[in-house]
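Visitor: Residues per chain are reported as follows:
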Amino acid sequence: MKMIDIKGLSQSYKDKRVLDDVNLEIHAHEICALVGRNGAGKSTLIHSILGLLPVKQGTITIGGIPLQKDGWKKKVAYLPEKFQLYASMTGEENFRFFASLEEAVDEGRMENCLKMVQLWEHRNDRISGYSKGMLQRLGLSIMLYYPAEILVLDEPTSGLDPMGRKEILSILKSLEGKTILFSSHHLDEIRQICTHVAYLEDRKMQKFPIDQFFEQYA
Amino acid sequence: MIYLWKDWKEQSRGKGIWLSLGILILISLFVFLQARALPAEQGFQVFLLSLHQMNIFILPILSLFMSSFSMIQEKEQKTLLILLTKKESFRSFLVKKSVSIQLITLGVFIGWYFLLAIPSKLFFEFEASYFMAYLVSVITLILIFNQIGILWGSICSSRMQVVGANLFTWFFFIFLIDLISLFYLPHIHYGNVKLFSFFYFIDMVHTLNFFLETQLDLFPLEHMSRMMEKMVWLPPSVFLIIDLIFWMGLSFLLAMWFGRKGNEND
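Top line first, the protein sequences correspond to chains A and B. Our numbering puts the last residue of the first sequence at 223; the count rises by one with no breaks. Our numbering puts the last residue of the second sequence at 294; the count rises by one with no breaks.
Just so you know, these hints were derived from the structure itself, not from any lab. Since the structure is predicted, the reported quantities are computational estimates derived from the model, not experimental observations. Mixed in with the good hints there might be a few duds.
To be verified - Derived lysine-lysine pairs resembling BS3-like cross-links, with alpha carbons at most 30 Å apart:
#1 A:12 - B:115
#2 A:61 - A:178
#3 B:114 - A:74
#4 B:258 - A:137
#5 B:106 - A:12
#6 B:43 - A:171
#7 A:12 - A:120
#8 A:61 - B:37
#9 B:37 - A:212
#10 A:87 - B:114
#11 A:120 - A:61
#12 A:80 - B:43
#13 A:120 - B:258
#14 A:19 - B:43
#15 B:43 - A:61
#16 A:79 - B:43
#17 A:171 - A:61
#18 A:209 - B:37
#19 B:37 - A:178
#20 A:79 - A:183
#21 A:178 - B:106
#22 B:114 - A:183
#23 A:209 - A:19
#24 A:183 - A:7
#25 B:103 - A:120
#26 A:61 - B:115
#27 B:115 - B:222
#28 A:7 - A:137
#29 A:183 - B:37
#30 A:79 - B:37
#31 A:137 - A:19
#32 B:149 - A:137
#33 B:106 - A:183
#34 A:137 - B:222
#35 A:61 - A:74
#36 B:149 - A:87
#37 A:7 - B:124
#38 A:7 - B:43
#39 B:103 - A:80
#40 B:114 - A:209
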């Protein structure tokens with residue numbers, strides 16, 4: 006089943022074309038890395054997929070629902086690059102706030118999510134005292150709380166030390182039943198956990214199975 | 029409600045709101061001590077008017093900074109992006125954020141003035157209607173400048189831009205409009221005073237001054253010249269309501285329009 010289906014997507018900022026007739030299909034349970042140079046349009050593509058940018062040319066379908074219709078937001082959870090959350094609140098307070106956006110907070114599920122990222126013991130600490138890795142894991146746990154089948158992550162290991170990166174990658178790898186799209190510059194982590202690579206170059210998109218990508222480019 | 033809970037946790041654990049409250053308390057106490065030197069029957073009106081004159085300088089800048097920083101923080105922390113990809117639209121976010129900021133600021137500041145009413149009752153001839161008129165002026169000032177702050181927080185892309193926009197807004201309403209009005213004053217006559225009145229009273233600072241002076245019985249409306257009657261073509265409270273709706277509505281709509289555009293271009 007196609008979880009993300011992009012057809013003929015073009016995006017421009019003023020006169021500058023950033024994406025040109027981009028097509029991409031991501032199927033259920035794929036872990037797809039979004040790769041490209043700085044400024045290639047990765048964030049523009051992600052923001053288009055999430056409805057943060059209006060789509061003037063082309064179509065995007067999330068879990069079978071076009072972006073113009075209601076209901077697709079429930080199918081997707083997003084973690085931006087270099088997010089910070091609310092620094093003067095504790096980990097649990099941050100979690101509760103974001104969790105309650107969808108429905109009443111399920112205490113058991115919240116506990117599971119925080120335990121999964123090893124933050125249950127730190128839930129009452131203010132996140133201003135969290136390390137970058139802890140913050141990233143908290144963001145990830147919030148994402149995992151949502152019953153979304155598709156996870157979109159913008160450079161989830163950016164700025165983390167090797168241990169922090171390893172923790173994030175092992176969590177992502179351990180997820181079952183999720184379709185993941187994440188942008189990254191680290192080829193080693195892509196090789197570790199991805200099944201496919203979507204390569205953005207000169208405003209065009211090509212998708213490869215992981216082995217083929219490394220044969221061709223690495 | 030969840031936004032109110034979240035913003036209260038954030039604000040109450042930060043320094044901004046308590047620093048602002050501290051400034052207000054200090055000013056109020058100094059004005060209070062000065063007003064005590066006046067005879068008790070006049071003291072209360074003078075006290076409220078003096079407080080208001082101080083508020084005109086202080087409250088706008090405090091409200092602008094608190095609300096705009098709270099808003100720009102949502103962008104800097106990328107929490108806005110997460111919220112927009114869940115069930116929020118930019119409009120629903122803006123409504124909830126505005127309501128929570130307004131309620132928190134009003135709650136803290138108005139709470140202080142209710143406390144201040146206790147010693148006022150002991151040392152002055154306390155008049156409830158005067159006190160309520162004063163509260164209306166404070167609430168109006170906070171509501172309007174909070175909303176303008178939210179507008180700047182929505183449009184600007186960095187804290188430095190927000191600081192610049194806030195300082196200009198403050199300068200514009202507190203000084204520049206008066207300077208422009210003074211420049212045109214010699215050219216005002218009976219024929220064009222109504223037009224001048226429109227521009228004069230669309231500035232909420234002028235309207236608030238006029239509203240409070242009339243409500244405190246310091247400016248009687250019964251014995252005005254013909255020109256002044258033409259200038260005050262609506263009751264001061266109606267001018268106040270018009271200002272409140274105009275500035276809050278305009279700020280909200282502009283924030284929605286430009287804020288959404290800004291997020292699209294990030």
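Visitor: Now tell me, hint by hint, if it's right for this structure.
Guide: Going through the hints against the structure:
1. A:12 - B:115: Judged against 30 Å, a Cα distance of about 25 Å means the pair holds.
2. A:61 - A:178: With Cα atoms ~35 Å apart, residue 61 of chain A and residue 178 of chain A exceed 30 Å; violated.
3. B:114 - A:74: Since the Cα atoms of residue 114 of chain B and residue 74 of chain A sit roughly 14 Å apart, the hinted pair holds (cutoff 30 Å).
4. B:258 - A:137: violated (64 Å)
5. B:106 - A:12: Holds, because 28 Å separates the two Cα atoms, which is no more than 30 Å.
6. B:43 - A:171: violated (37 Å)
7. A:12 - A:120: Outside the cut-off at roughly 39 Å; violated.
8. A:61 - B:37: violated (40 Å)
9. B:37 - A:212: Given pair residue 37 of chain B, residue 212 of chain A is violated - Cα atoms ~45 Å apart, limit 30 Å.
10. A:87 - B:114: holds (18 Å)
11. A:120 - A:61: violated (42 Å)
12. A:80 - B:43: Answer violated: residue 80 of chain A to residue 43 of chain B is near 39 Å, above 30 Å.
13. A:120 - B:258: violated (71 Å)
14. A:19 - B:43: Distance of about 40 Å is beyond 30 Å: violated.
15. B:43 - A:61: Not satisfied, since the Cα-Cα distance of roughly 44 Å exceeds 30 Å.
16. A:79 - B:43: violated (37 Å)
17. A:171 - A:61: violated (39 Å)
18. A:209 - B:37: violated (45 Å)
19. B:37 - A:178: The hint is violated at about 35 Å.
20. A:79 - A:183: Roughly 13 Å separates the two Cα atoms, so the pair holds.
21. A:178 - B:106: holds (25 Å)
22. B:114 - A:183: Holds - the C-alpha atoms of residue 183 of chain A and residue 114 of chain B are around 18 Å apart, at most 30 Å.
23. A:209 - A:19: holds (19 Å)
24. A:183 - A:7: Given that 30 Å is the threshold and the Cα spacing comes to 13 Å, the pair holds.
25. B:103 - A:120: Holds, at about 29 Å.
26. A:61 - B:115: holds (22 Å)
27. B:115 - B:222: Given pair residue 115 of chain B, residue 222 of chain B is violated - Cα atoms ~48 Å apart, limit 30 Å.
28. A:7 - A:137: violated (34 Å)
29. A:183 - B:37: Violated, at about 33 Å.
30. A:79 - B:37: holds (27 Å)
31. A:137 - A:19: violated (35 Å)
32. B:149 - A:137: violated (54 Å)
33. B:106 - A:183: holds (23 Å)
34. A:137 - B:222: With a Cα-Cα distance of about 61 Å, the restraint between residue 137 of chain A and residue 222 of chain B is violated, given a limit of 30 Å.
35. A:61 - A:74: holds (15 Å)
36. B:149 - A:87: Violated. Residue 149 of chain B to residue 87 of chain A sits at ~53 Å, over the 30 Å cutoff.
37. A:7 - B:124: violated (35 Å)
38. A:7 - B:43: violated (49 Å)
39. B:103 - A:80: holds (24 Å)
40. B:114 - A:209: With a Cα-Cα distance of about 29 Å, the restraint between residue 114 of chain B and residue 209 of chain A holds, given a limit of 30 Å.
Comparing the model with each numbered hint stated earlier shows that hints 2, 4, 6, 7, 8, 9, 11, 12, 13, 14, 15, 16, 17, 18, 19, 27, 28, 29, 31, 32, 34, 36, 37, 38 do not hold.
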